Amino acid sequence: MSVPVVPEAGGAAAVRRNFWRGVWRVMRRKPSRMAGAVILVAFAFMGVFGPMLYPDPLPRDTNALYAPPSLRHPFGTDFEGTDVLALVVTGSRYVLLTAVVTAVITVVVGAGVGLFAGFRRGRWDTVLMRLTDMKLTIPGLPLLLVLSTVWKFTSAVEMGLVLGLLGWGGVARAVRSQTLSLRERGFIEAARGLGLSTTHIVGRELLPGMAPYIAMNALVAVTGAVYAQVGLFFLGVLPFEANNWGVMLNLAVFGGGALTTTAALPYLLAPLLAILLLTLGIVLVVDAMDEIFNPRLREE
Amino acid sequence: MITGTGITKTFRQRGGVLGAREVPALRGVDFTIPKCGAVSFIGESGCGKTTLGRIIAGLETYDAGEIVIDGVAMSSLSHRRRQPYFRRIQLIHQDPYSALNPTRTIHQALAAPLALRARQTGRPRSWTDERARELLGLVGLDPDYVLPRYPHQLSGGMRQRVVIARALTVDPEVLVADEAVSMIDVSLRLGVLALLKDLRERLGVSVLFITHDVATARYIGTDGELYVIYRGQVVERGPVETVISAPVHPYTQALLSAIPVLHGLESPGEQRVVPLEASGEHPDGCLFAPRCPFRTERCENERPTLGPAPGQEGGTPQEHACFHPERRSVVAVPVSGR
Amino acid sequence: MAPEQSPPGVRIRGLTVAYRTPAGELPAVCGVDLDLAPGTITGVVGESGSGKSTLALSLLNAVQPPGRIAAGSVEIDGLGDVVALGGEGLRRARGRHVGYVFQAAQNSLNPLKTVGKQVLDLGRSHGVADLRGLLADARGLLDRMGLDGARVLDSYQHELSGGMRQRVGIMLALVLNARLVVLDEPTTALDMITQATILRIVREVHAERGLTTLVITHDLGVVAEVADRLAVMYGGRIVEQGPTRQVLAEPRHPYTRGLLRAIPRLVGDIAEARALPGRPPTLADIPADGCVFRERCPLRMDACETGSPPVVTRGSRSAACHAVRDDEGDRPAVAATTGEDQS
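So the protein lines, in turn, are chains E, F and H.
Residues 1 to 300 (my numbering) are what the first sequence spells out, left to right.
Residues 301 to 638 (my numbering) are what the second sequence spells out, left to right.
Residues 639 to 981 (my numbering) are what the third sequence spells out, left to right.
Be aware that one or more of the hints could be misleading.
To be clear about the criterion: a stretch of chain F counts as covered by chain E if any three or more of its residues have a C-beta under 8 Å from a C-beta of chain E, and this derived list gives those stretches [to be verified]: (1) 355-368; (2) 400-406; (3) 503-515; (4) 550-559; (5) 584-597.
Hints were generated in silico from the structure; no laboratory data involved.
Just so it is clear, the structure is predicted and the values come from calculations on it, not from any experiment.
Glycine included, every Cβ here is placed at the ideal spot set by N, Cα and C.
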């Protein structure tokens with residue numbers, strides 16, 4: 001910062017550059033965060049590019065059904081002789097895409113409703129919160145079971161949409177209470193006194209203060225979505241059309257008898273391990289959110 | 301110029317079984333804030349001075365009375381039409397920590413209202429950066445240092461200066477400073493007070509200073525006017541120096557007597573007034589009577605209204621609301637030889 | 639313990655309290671020497687970051703991690719060196735020997751219990767046998783401070799005003815017959831009239847019960863009203879101390895002078911008052927070497943850059959400033975370096 005004159009919009013650019021530098025600093029503070037980030041990047045990579053590495057349909061080796069782990073098949077093979085690792089990798093796209101769509105919808109709807117209700121207060125608040133309460137009382141899993149009888153969820157986006165629309169209630173409530181407490185702060189009142197627009201106040205003044213909170217909820221929603229859909233496929237209420245971790249678990253347990261014999265064990269453990277790793281990655285990264293979005297903790 | 305007449309405000313507190321309890325915060329207050337003037341409201345916490353300040357800044361509603369801004373009665377306007385008028389009156393918060401958004405840099409904090417201003421006045425966008433630097437210079441800060449920083453990286457005094465600079469982005473006519481220095485380090489307070497005084501002289505803004513510390517009120521301007529408020533009523537009003545050196549109302553006297561004396565530098569005033577512990581309440585009597593050491597029977601049955609002080613003709617500057625006005629010298633005086 | 643003992647004296651020698659931060663261990667209090675003479679009120683004045691609250695906590699050996707007492711001793715009559723004390727002995731000393739009125743005592747009461755219940759809790763945790771007597775003492779103290787003791791003991795925190803809570807805080811500090819009392823910012827957030835009342839009570843109770851009192855505050859006015867002796871802290875060091883009236887009438891250290899000039903007064907020429915330039919240092923930017931005040935000092939010279947200015951003691955007063963030693967060399971200056979010889 002040797003140039004005394006701040007060029008037009010230069011300030012904003014400097015801030016943004018500082019933000020990413022700050023993020024890097026925060027991540028470096030604990031090795032666990034870096035590990036979490038590496039895991040998440042690996043999963044993202046797997047979801048995006050993984051399926052391209054394998055032919056479609058996956059090759060079957062009928063001579064090696066339920067083969068034990070080996071160099072060729074690190075997690076063995078399934079009942080058709082397909083490589084389990086390949087199944088996990090190709091199945092990841094559906095799972096992760098669903099999870100991302102769910103997280104986005106949860107956060108956007110939840111934060112939107114919460115902000116609006118908390119900022120407007122009064123009648124809007126009452127109506128929206130009653131709606132949220134009603135939504136929160138609907139048990140998710142039974143509803144999903146009922147829904148799955150009429151809807152086949154062939155695309156991950158549809159699945160994510162449903163899970164997201166079922167999941168925003170908690171976020172909405174929490175964001176609303178945060179909004180209610182933040183709007184009493186002096187800087188919100190000052191912004192109003194200066195005549196700044198409501199859009200500015202909500203988007204620029206309120207939202208950044210809730211960013212760590214929203215980011216954490218988004219990450220937690222990802223794990224929730226993964227569990228929910230894997231659970232649905234595992235229960236077998238959804239058709240087996242897609243390559244899917246839940247389907248793998250279902251087949252391993254109910255088809256391969258993984259709980260009684262050892263032959264199908266790698267087939268069962270591989271998707272479980274993937275879910276575990278993903279959850280671990282998220283848990284490790286969530287820890288950094290507060291510091292990333294709070295300038296005070298970030299700049300220290 | 302801003303005048304208020306008969307401003308009344310009652311808070312309804314949710315009580316226990318008996319339902320809502322009514323707490324009068326302001327009981328018909330009249331005030332005038334002249335152009336480029338310095339007006340101070342002083343009193344204890346809960347006396348209504350902060351509520352009055354917020355009403356004047358348009359942040360709070362009032363039950364009765366009228367506020368006239370530059371000749372326009374606010375009651376004649378719709379809520380929307382009123383906003384531009386109240387924008388000319390900017391509130392400086394007591395707490396500079398909560399008055400700035402911790403997630404936004406000073407540059408961002410100033411740019412938003414300036415961009416709005418640029419749009420309203422048809423100036424180019426480049427004007428905002430120029431103006432931000434100009435305003436920070438005006439409040440005595442180094443723009444290069446302050447602009448890229450977050451609020452937590454500045455001291456309390458610097459933060460309060462930024463808050464003042466932000467209020468100046470809309471070219472206000474009045475700054476309402478509510479306990480604006482009470483959370484700032486002692487060694488830096490005077491700097492902020494001097495800045496407010498300076499802004500009066502250089503920009504012609506009026507300053508409405510709300511405080512429980514009478515001494516700070518002087519530093520906004522010795523030509524200013526003091527309103528002493530007790531339980532929602534103005535009990536004494538007059539030029540700062542007159543009220544300080546010759547207070548008439550026993551409450552003002554008690555308030556001034558309570559200011560610590562720097563023994564060794566000063567000797568205490570001869571007629572210091574110590575208020576009594578409140579006992580009972582007189583529904584129709586003087587509000588201060590339960591604590592007043594000079595109360596008589598009349599004070600318990602009749603409520604005094606604001607009138608001219610003794611030794612002055614009607615329409616003179618000092619006014620009080622007391623049946624037994626007597627000038628007392630209660631303020632500490634410097635030890636001679638210093 | 640016989641009630642009619644003389645009040646305890648306190649000798650603080652070479653006290654250094656350091657806080658662990660990402661930037662290493664930084665001293666919030668550095669080599670402080672301070673005597674509290676038995677039966678006196680001492681006022682410690684400082685701005686934010688001066689280390690005054692940390693100093694007060696050290697008197698109870700109650701500095702919380704990441705802070706720790708790195709060096710020095712705090713000798714209290716009848717207790718010995720508090721720094722060496724630990725565990726149960728320390729717990730008993732708090733309350734019994736040293737009463738502490740916390741900063742913002744207005745908000746430090748338990749909102750779910752009546753004041754009486756909290757007195758009983760205090761009594762039980764200190765093994766008081768006669769709890770009935772303790773409550774009577776508490777009521778007596780509250781009555782003495784101008785409250786309706788019986789009613790206050792039966793009240794919850796939210797039923798009391800700020801000034802009343804402050805008095806309850808003082809009662810809790812005294813009810814176990816502590817003879818050494820520490821008041822941390824006793825009047826912050828109180829109104830002028832309430833502040834004057836509290837200060838009067840502090841003075842009167844101090845005299846009646848024969849206490850040794852330490853008042854920590856940012857407000858010179860508060861100290862001027864109550865304290866016999868005054869110590870001015872800046873950047874973790876005591877830069878000047880002496881009898882209150884003498885220090886106020888003739889401040890020696892440039893910081894004390896600047897602070898006095900920076901306080902808004904009711905009378906006098908307002909043009910004479912001036913804010914101190916710069917800002918008080920935070921823990922992170924207290925200069926490690928040289929005078930802590932030099933950044934804001936009008937008398938800054940080369941000598942201030944290196945080495946802490948020695949504490950120059952003359953009679954009952956002392957100051958730590960290179961400039962003071964030079965321009966007031968009429969009497970022999972006894973240079974005492976910080977905290978080396980201890981008794």
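* To do: List in ascending order the numbers of the hints, as given earlier, that are violated by the structure.
  => Hints 3, 4 and 5 not satisfied by this model.
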